[in-house]
Amino acid sequence: MTTEEHRGIRSYKEDRERYAGFYALSQQSENPEIRVAGRLAKFVSEARDTILTAHEEGRPFVNNNYCTAPEITEAMDIPWLMLYEAPFMAVSVEGLSDQIDETGAMGLGTDLCTAIRSSIYYVEKDLVPVPSAVIGFIFPCDGMPMLHQVIKHSKTWGHIPMFCPDPPYFNDDRSIDYFANELKKMTAFLEKETGAKLDMDRLREVVEESDRQYLLWQEYNELRRAVPCPHGYGLGGPMCFAVSQMFKVGHKDGTEWFQNLVDLTEEKVEKGIGAVEKEKIRLFWFDIMPSGFIFEFMPWLEEEFGAVVVMDMFGNHPYTTIDTSDEQEIWRGLAKRGLFDTPMVRQAMGPAEGFVDDLVRIVKDYQIDVVVWPGHMGHKETQGTFGIMREACRELGVPFMDIRMDIFDRRYTTPDQIKDKFARFFAGIGVG
Amino acid sequence: MDPTASSEAFATMAEAASTLVNPALQRWRDDGGRVIGFLCSMVPEELFMAAGLLPFRMRATGSTGTDLADAYFTNLNCSFPRHCLNLALEGEFEFLDGVVGINSCDHIRRLYDNWKRNVDTGFLHFISLPRQSGPDQIQWYTQECRMLRDALAESFAVEIKDDDVRAAIRLANQGRGLQRALYALRKQERPPINGEQALVIMVAGTAMPKEEYNALLSRLLTELDGVQGEGDYRARLMITGGILDDPAWVRAVESVGGLVVTDGTCFGARLMWQDIDEEAEDPLEALARYYLADRPSCPRLLDTQEKRTQFTVKMCRDFNCDGVLGEKMMFCDQWDVENYMLDMDLADEGIPFLRIDREYLTSATGQLKTRVQAFIESMGK
Ligand code: SF4
Ligand code: SF4
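From first to last, the protein sequence lines are chains A and B. Under this note's numbering, the letters of the first sequence match residues 39 to 470, in that order. Under this note's numbering, the letters of the second sequence match residues 373 to 753, in that order.
So here's chain B without its partners, still in its complex pose (with noise of 0.2 Å):
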């Protein structure tokens, strides 16, 4: 039986996960809450929540297409931005009080661009993003974190001291211990939770305010404690990649038996598999250390993919992998070369490997479920 179907925390979380406005967003916003949306991981959310705004980590759930959009990007432009401006321009982040942008791809810094120009949010502001995580570049981010906190405390008449970040990252830590604890879960031989369970779960994440999220993971965690899943699976199996926010997808590779344990995902593991440092003497420099250095990176970050092939070895092997699935987003560059030389390294560790590209919407899944499957076959399994 499936340990979350009776779950109300559970319950509440795929909820999150399956719309923009949910319900606790929505009671954050009757309070007279404000949110802020950002459009990659590695914005720094925890100045968002030191300065009292909800972070709202971007998506474009819902969306079915991008006609409106489709002025301003051409079709060799990922499917990801155009359908969050095409919301935008539809009006469904009229509930955003500000959006931060980033140049983490050409694509997402294009999304901001004409976001600025064509959609009325409040408070707009963007990250310049260095291309290394060396000392000067952590230098650097960490003035770009000051430059994001005092935009906020101006804009939002706010004032944002040293200890409210403090206390921002202890509760972003904890939240991400939390996930840890049930990724370890992920681990058995028979998970409670497969891996669109866990993906719903991590997705809630970013769309709530943390205290509560906290609590209900910890309500579900001892929920699930002691619980062993159906364990009919034919291949566990790890996805790397960078946006992965639809649980169908995870469910379609799951419906030809691959059972999803563990990620490499900037909805997925790379969120939290690291703790910031809570007893910095500068929480501003912690935080730019752990997003630019400490925590496991993306491509983006040019001195980082031997440490990324890493990760990606240890984590299949620590979850028992039979295989890793590569997801990339049709026309990004960075996952694309990223791919290229991950499937070099883990045919060097005699793991399988097996690339997908993909749109952003989860349709016709037909391919994706043909291709897992004879993956699966390929690894005897």
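Here chain A stands alone, though its shape is the one from the complex (with noise of 0.2 Å):
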């Protein structure tokens, strides 16, 4: 007899051979800008290889996120996927918008983020491969504690023993030192349900690792702050979030991923080279980008306005280095990325002050012309900061433009109507 083959399995082989293939297409091209964007979907596919594995050989992964310390997983060596990560790869599913209504069919709110609304879906319909253990993340919105809830509620993941760092609205000292232990307890689970091992000489050099990672990044955002800018949405940002914190935690082909953004970086900027022919409005996206349809409006924003990213919220970099001299401030540093330098969490958690103040440096540091904010339907602590955005936007002197959208779905608000809110923005301001 034949036991049919586990959903989540199946799909992370077809992601493997895709990815593969996308890797193997982009290496052809003379561009070398493709081919280092090429190389991300290398990285995608060697992660769905390493759960394919793990499952193969009967060993344990786990599940863990980008903001609670990856680099543990890494350093102990467990292989680790992020059920989370399911509705921002769903875009090159077909059938997203399908999946999205069976979601209300389902009995879940309409108003609930796509994002986590697309999680449970995948994790009731029993769609990613079944790990051994959960970190959950229960932070920075609503959405992700019920979200676990769901979890533990399931037929299908709710056998699966769970921990959950608990996070600290803050970011003073008393808040990191309580998340720190909050990320050794999450170890001494991870050691009881895997029978992995953590050393801290192992881990020292993952962080390491990463924080080479992180400069290189940082060095890679100075060089975006040139006019023209190097790169538009196509490049950089978001993809630097995900080889970092995703898919090249501490490694060093993660790293050398990094050197070589820079140096075609570097040479572009020399050569005073920018995304489009002729940069006329520097925007900052404040949020995170669409995911799949990010293509049919952007290229028109560049082609037509001559209008750039400057600058996003995932690509923006907050990231400082860990000391690694002294073992309590390993866990202290990881507690810190986690809840305070990551993209969303660190804008969303804690109070509007935070988010502010991000707003207002990229805005200085990166000579943004216009201040967009897709206003995701998901992102209700975000609702709440509008008139405090809109505010420091004013105050700056910085034109704030609100869109309203879903990030995960283009019915919501479509690209036309973008673009159309594009066109009338760039003429009330007179830069259309």
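No lab work stands behind these hints: they were computed from the structure. Among the clues, some could well be false.
[Said to hold, decoys possible] Under the rule of at most 27 Å between Cα atoms (straight-line distance), these lysine-lysine pairs were calculated in the DSSO-like manner:
| id | chain 1 | residue 1 | chain 2 | residue 2 |
| --- | --- | --- | --- | --- |
| 1 | A | Lys235 | A | Lys223 |
| 2 | A | Lys190 | A | Lys223 |
| 3 | A | Lys290 | A | Lys235 |
| 4 | A | Lys190 | A | Lys230 |
| 5 | A | Lys222 | A | Lys235 |
| 6 | A | Lys193 | B | Lys686 |
| 7 | A | Lys190 | A | Lys235 |
| 8 | B | Lys686 | A | Lys190 |
| 9 | A | Lys402 | A | Lys316 |
| 10 | A | Lys80 | A | Lys51 |
| 11 | B | Lys679 | A | Lys163 |
| 12 | A | Lys190 | A | Lys163 |
| 13 | B | Lys488 | A | Lys402 |
| 14 | B | Lys679 | A | Lys193 |
| 15 | A | Lys190 | B | Lys679 |
| 16 | B | Lys679 | A | Lys223 |
| 17 | A | Lys306 | A | Lys80 |
| 18 | A | Lys290 | A | Lys80 |
| 19 | B | Lys753 | B | Lys559 |
| 20 | A | Lys222 | A | Lys290 |
| 21 | A | Lys402 | A | Lys459 |
It should be emphasised that the depicted structure is a prediction, and the values quoted were computed from it without experimental measurement.
Work from the hints to combine the two standalone chains into their complex.
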């Protein structure tokens, strides 16, 4: 009798092949930027392969997240996947709209963040390889702890042992110590559930390697300050995040990727080459960039208006390096990194001050002409800072454009409507 | 005949529930007393009492719109904080000497951020609420209680001793006991009060000095002793959900034959179903334990969903309910997903469940009534 393959495993296999295909294709390009971007596909394919190999060999693999110290799972050599990545990756899946609609039929509110709804869908419908343990991330928004309550409640993942580091609200020393202790508890949990042991020397190595990545990322972001900006929405930004926080955490080939990116960009900046031929408007996209349908309006923005996304929330680099000479500082550094450096978490988690500080800093550092707030429907806490953001922009003298969209669902505000909004806005401020 | 119609005690409470500044609160202020508003039922109000301050649970009773607040929030924010901010910007909360915020949900924490920037209130403090209720979180919250106590002591130049906190806990528990006695009457076949009246009584308890409230409630309980209500309802209902402070909403439900006999809301049973430990060595730890772990929780706390379902099922059985209404404010992610799970859990228990999205203000009730009516009919009542 043959047992049917688990759907999650099947889709990971498909992903592995698909991304390997993207990678191979990209390497045939004459354009070195396409080749650098293409390597990300290789990293995704390899990450899928790591999970599939563990599955085939009957070894444990876990769920972890970009903001709950993935350096620790890496150092423990435990393969990890991130459930929450599913809605972001699903953009390449056919029938995404149908999946979103199905979440409504399941009984989830349409005003719930689509990322949360989709993650719930993936768990309830058993579409992701089932891990041996779950590290949950129950911040920065109300949706995340609810997702994890559903995980516990579900028939598919409910039996899996789960540990969720508990997040404090502020970023003072007391909070960092508290979260550092949560990460220690998380490590003990992982040791118990997987049998792996954490070697502090190995953790130090991983952290040091990831620090190298962050330093290179910082260098890259300095280069993005140039006028014209060497890259737009298509390169850098979220890719740097994906390499350093998801697919190549503390890995040498991740560092090498960053080095490549920096070298290429340096050359471009030296020659004064920008992302578009004539850069006219420098945009700061203050949230996640839309998955999937970004290609339906960003190239138009660049071509039609010379409007370039110089910085975005996931490309924003607030990471600080970690003092590895002291064990406790490693824990504290990881705690700070998870809670107060990682994108989305950093902005959405604590008081509005943090949010505004980032806005002001980026507008100044990157000579931003227009702050674009997509107003993602799921981000209730950001909706609640709408007035504060607008006032901050007014004080800075920079136009503030709000779109109101669903970054996952192109039907909420369609690419055509988005284009229309941009055209009117630019005309209104006299730059169109 | 409605037994509350001739009750002076009930009339006093009804006035308190239908206004912001009720006569008791006004008297308190006239006597030099100070008032602190707080933004969620997980804020330990006993600390305000211990400091000699009057705790006022924030609500936006009397609000008619959100025009001013709409410059700060968007239409994807819960209407509760929007109405609160609007009233604050109109100056309706000038009777508050302080406001204590908390990260109980994304909308509420942003209410605090906007309040802080735009409303001139003397004392401001924010509590960092954990997302779970284990031993480390209880310790954390104990520390938060300590920090709140110290901030109050400093700002209001009062000394708050452990014995003051103990006395406040005792007084608050006394009120809780009376409220439970009131709820016990609702188990009867013909309860002497309906759901609308019960909510009036509960809301009043969040807006006047506890001594005065407890005295009023004792009197009312004596008046209700042995009295039977009408009994001409079609179905006995329980309401679960978050902020529900508007008796008019319950009135609409009851107008089509549903009698609300109990609830799991945060102006209702979740406030008082449990007492705080009066004997604990550290009263601040007792507060932390109560608010995080012991009392029936809200979905804000991760590790409590199973307990919440058990609570709902038990309440339902104890009060002989025919069905449950799960009310949820629009754009509340916590209650949305909670209801998604509760729906499945109650189906397993064979308990009919109706989910209702609502706005903070009860305006047009036509659709609500139609849905409740259909729900009652679907139960064959
Ligand atoms: S996208 Fe926003 S609302 Fe959605 S899960 Fe992330 S932080 Fe929460
Ligand atoms: S529903 Fe929960 S978070 Fe909201 S006010 Fe009530 S107790 Fe607080």
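Hints, verified against the model:
{"no.": "1", "hint": "Lys235/A with Lys223/A", "result": "holds, 13 Å"}
{"no.": "2", "hint": "Lys190/A with Lys223/A", "result": "holds, 19 Å"}
{"no.": "3", "hint": "Lys290/A with Lys235/A", "result": "holds, 22 Å"}
{"no.": "4", "hint": "Lys190/A with Lys230/A", "result": "holds, 19 Å"}
{"no.": "5", "hint": "Lys222/A with Lys235/A", "result": "holds, 12 Å"}
{"no.": "6", "hint": "Lys193/A with Lys686/B", "result": "holds, 23 Å"}
{"no.": "7", "hint": "Lys190/A with Lys235/A", "result": "holds, 26 Å"}
{"no.": "8", "hint": "Lys686/B with Lys190/A", "result": "holds, 21 Å"}
{"no.": "9", "hint": "Lys402/A with Lys316/A", "result": "holds, 21 Å"}
{"no.": "10", "hint": "Lys80/A with Lys51/A", "result": "holds, 14 Å"}
{"no.": "11", "hint": "Lys679/B with Lys163/A", "result": "holds, 25 Å"}
{"no.": "12", "hint": "Lys190/A with Lys163/A", "result": "holds, 14 Å"}
{"no.": "13", "hint": "Lys488/B with Lys402/A", "result": "holds, 25 Å"}
{"no.": "14", "hint": "Lys679/B with Lys193/A", "result": "holds, 18 Å"}
{"no.": "15", "hint": "Lys190/A with Lys679/B", "result": "holds, 13 Å"}
{"no.": "16", "hint": "Lys679/B with Lys223/A", "result": "holds, 24 Å"}
{"no.": "17", "hint": "Lys306/A with Lys80/A", "result": "holds, 25 Å"}
{"no.": "18", "hint": "Lys290/A with Lys80/A", "result": "holds, 14 Å"}
{"no.": "19", "hint": "Lys753/B with Lys559/B", "result": "holds, 19 Å"}
{"no.": "20", "hint": "Lys222/A with Lys290/A", "result": "holds, 25 Å"}
{"no.": "21", "hint": "Lys402/A with Lys459/A", "result": "holds, 25 Å"}
In terms of the numbered hints stated before, the structure departs from none.
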